[in-house]
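Just so you know, the sequences run in chain order H and X. As numbered in the numbering used here, residues 3 to 420 make up the first sequence, in order. As numbered in the numbering used here, residues 3 to 420 make up the second sequence, in order.
In case anyone wonders, no lab produced these hints; they're calculated from the structure. Don't take each hint at face value.
Copies of the same chain are indistinguishable here, so a pair counts whether it falls within one copy or spans any two.
Said to hold, decoys possible - Taking lysine-lysine pairs in the BS3-like style, the calculated list, with each CA pair at most 30 Å apart, reads:
hint, residue 1, residue 2
1, K333, K55
2, K289, K186
3, K337, K55
4, K27, K187
5, K337, K119
6, K289, K119
7, K337, K289
8, K187, K333
9, K119, K27
Single-letter residue listing:
Number of protein chains: 2
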Amino acid sequence: MLESAPLLQSERMSISFHVDSTSGKAHRGRLLTPHAEIETPVFMPVGTVASVKGVPQDTLEELGAQIILGNTYHLYLRPGVQTVRRMGGLHGFMAWPRAILTDSGGFQVFSLNELRKINEEGVTFRSHLDGSSHFFSPESAMEAQIGLGADIIMTFDECTEYPADRARARASMEMTARWAARSKKYFEEHKHEVPWGGNAHVGTDAFVRPVDQGRTNASVPTRSEQTQALFGIVQGGMDRELRRESAERTIEIGFPGYAIGGLSVGEPRELTREIVESTLEHLPADKPRYLMGVGTPEEIVEYANLGVDMMDCVLPTRAARHGLLFTSEGKVSIKQARYAQDPAPLDPNCACRVCQRYSRAYLRHLYASNEVLAQVLNTIHNLSFYLDTMRRVRHSISLGEESRFLSSVWSRPKPGTQ
Amino acid sequence: MLESAPLLQSERMSISFHVDSTSGKAHRGRLLTPHAEIETPVFMPVGTVASVKGVPQDTLEELGAQIILGNTYHLYLRPGVQTVRRMGGLHGFMAWPRAILTDSGGFQVFSLNELRKINEEGVTFRSHLDGSSHFFSPESAMEAQIGLGADIIMTFDECTEYPADRARARASMEMTARWAARSKKYFEEHKHEVPWGGNAHVGTDAFVRPVDQGRTNASVPTRSEQTQALFGIVQGGMDRELRRESAERTIEIGFPGYAIGGLSVGEPRELTREIVESTLEHLPADKPRYLMGVGTPEEIVEYANLGVDMMDCVLPTRAARHGLLFTSEGKVSIKQARYAQDPAPLDPNCACRVCQRYSRAYLRHLYASNEVLAQVLNTIHNLSFYLDTMRRVRHSISLGEESRFLSSVWSRPKPGTQ
Chain H
3 MLESAPLLQS ERMSISFHVD STSGKAHRGR LLTPHAEIET PVFMPVGTVA
53 SVKGVPQDTL EELGAQIILG NTYHLYLRPG VQTVRRMGGL HGFMAWPRAI
103 LTDSGGFQVF SLNELRKINE EGVTFRSHLD GSSHFFSPES AMEAQIGLGA
153 DIIMTFDECT EYPADRARAR ASMEMTARWA ARSKKYFEEH KHEVPWGGNA
203 HVGTDAFVRP VDQGRTNASV PTRSEQTQAL FGIVQGGMDR ELRRESAERT
253 IEIGFPGYAI GGLSVGEPRE LTREIVESTL EHLPADKPRY LMGVGTPEEI
303 VEYANLGVDM MDCVLPTRAA RHGLLFTSEG KVSIKQARYA QDPAPLDPNC
353 ACRVCQRYSR AYLRHLYASN EVLAQVLNTI HNLSFYLDTM RRVRHSISLG
403 EESRFLSSVW SRPKPGTQ
Chain X
3 MLESAPLLQS ERMSISFHVD STSGKAHRGR LLTPHAEIET PVFMPVGTVA
53 SVKGVPQDTL EELGAQIILG NTYHLYLRPG VQTVRRMGGL HGFMAWPRAI
103 LTDSGGFQVF SLNELRKINE EGVTFRSHLD GSSHFFSPES AMEAQIGLGA
153 DIIMTFDECT EYPADRARAR ASMEMTARWA ARSKKYFEEH KHEVPWGGNA
203 HVGTDAFVRP VDQGRTNASV PTRSEQTQAL FGIVQGGMDR ELRRESAERT
253 IEIGFPGYAI GGLSVGEPRE LTREIVESTL EHLPADKPRY LMGVGTPEEI
303 VEYANLGVDM MDCVLPTRAA RHGLLFTSEG KVSIKQARYA QDPAPLDPNC
353 ACRVCQRYSR AYLRHLYASN EVLAQVLNTI HNLSFYLDTM RRVRHSISLG
403 EESRFLSSVW SRPKPGTQ
């Protein structure tokens, strides 16, 4: 699937993206990364500190997770980049043979509000764990992400706050563009240092367990010929013109994939959709387009419909921990007393191991009793629902069934029977 | 395996026990219960409120757990016996098709110290959840356990505190004997009310999911011909003579299995062993002998060696939650910084899914980061270690290898290679 072309372009060495079919604005494609081939549109479960909270890695594999996301800010603080690097990067450290994407730490650092200071050079911030002082620049964020060794890494950007006036949004967008160029420069000079690369400065034999090697996709070429892929991030607040300009400047720098950042920061959902739709028009359709940090089940279907190829969100995993479950019949707040003696499965249309085995009564009991298994099972179901939703979206695109695709999977009466 | 004899004896209708081989005092046998055949000696993981904390039921099955334990006191308070009964008993409620044993609530109630009052009739106690007042008698404890519907249930006993003088231990033992008779009387009059019994007063169709039915051991006869089995409990404090007398009086009442209670209450380990050894001499070897609430990996081997057929303990699951892991090379406190970059599996001789996939470095990171997956993986490993230990003990008994059996499995250099 990967053409054996000479290793001249960095894009060629890191990832390749093929669009197989389209339906309206939506694309179905395949994204080949050093560790796995990913079917797009794809939803990426969030595994902040090298764990999708409560879910063992083999269960994630069974659920069909193709790529998961790690947070550089958290991993940098604990266990630290050097520890992860010595264990063979995130793949070796967490024994996850499929693909991984790390964010740049920008979003988390900017979320610290009181604890950070920004200037042209970068961001000084205090750890939420112990208050210790740290500094992230485009260069140090790249260094960290190369050490963590995800398949896809992100430029260091400034996530513009909402609301922001035009002058503020422009200044922020322009700094993000300058940081994108610095990110790329550092990455190109240091990308061979990835822990699983053939030219890595640090040994890769330290920890690659045989069982993990066996599970790796056989179609993936030799790791030593490959590097990570660095994606650029479009900012520009809620201003369509600034978004267009940000897209153009980011494309001019040149990346193998483009992300839309700075959304889901408190703005109305209709505005999110408008900015996503208009920004996508300025991003090349032959490169993966990644919408960061969204959304509900309806929203991920809607964004895929607009042409987004990749999405991530903490919602399925975080909501699960609060007993909020997504089903084909709508949201279920499993803590409610009405489920105390409900013998039905959580979602009658769901084939996940939770719905196949347990009753709502049992899930309600686990939650009410504060049992750890509540979080485990709830998270497995919610992730299954998200991953199944994207599976159905991909299927619809293949069939060119735009009308069915346009309707919300969630609001259908019986999606499991289709 | 179960002879199709007329259903005259209650033992025949509930469980049957076959000793297949012996080695010294140790027995290897098979205990046939309404829901599963159990190989003995067996270790029973504790699932206090219908969940072995953090471990999904399919994982318990993969680990080879044949029977798990539920706590009547906790289940009575939450979700309540009627809820469990309506869901088809504990098996239906928690979707566990294999065997279950419930304790009588006695031990928990007596542990409440400040919150309970005892008299001949029973025990008045306050809930640890909300302070509400409740009353357990031999009769109500049987009623609760019949409603929960475990395969094996226990008489309501008084767990004598340690230390206790001889008069106190005798009075307590005698009340336990009277309560045993009352427990049996109530059970014999009401055993047909079990939620999965053919003559149950409450419908059994409410919640038996097809997937669970399919997993049930095919060799088990029709449920409607079967009842639960009520085991008697020997008390008598740390006095060998009182223990002998308690055994004789309990046997005189007559039960299909006998437990040794009132140990691991603060006494020295050498004394525990002495009381276990002397009490076992007075219990029939053709009935299962259950030692309640013990112990470390070395101890469960030792007690099996003395002739104990069944054991339960919170140690593997509770220790896991505190990062204390049992391995073939000794105890590992995974929180220690020395494991931060240790690429080795937790136990090189362990075939469990945790040791096959993850490094000590990763387990240490999960624990240090307070990730829920730490509890999940640690518990899976510790249970695997306990269940494997008992598997090896059974194998040794079959081979008549008393000398190898007598030595501690734990202290062997490489048990996994034997």
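Do the hints match the structure? See the list:
no.	hint	in the structure
1	K333 / K55	both (21 Å within a copy, 26 Å between copies)
2	K289 / K186	within (17 Å within a copy, 74 Å between copies)
3	K337 / K55	both (20 Å within a copy, 19 Å between copies)
4	K27 / K187	neither (33 Å within a copy, 74 Å between copies)
5	K337 / K119	neither (41 Å within a copy, 34 Å between copies)
6	K289 / K119	neither (34 Å within a copy, 73 Å between copies)
7	K337 / K289	neither (43 Å within a copy, 44 Å between copies)
8	K187 / K333	neither (46 Å within a copy, 49 Å between copies)
9	K119 / K27	neither (40 Å within a copy, 72 Å between copies)
The structure fails hints 4, 5, 6, 7, 8, 9 (numbered hints given earlier, in ascending order).
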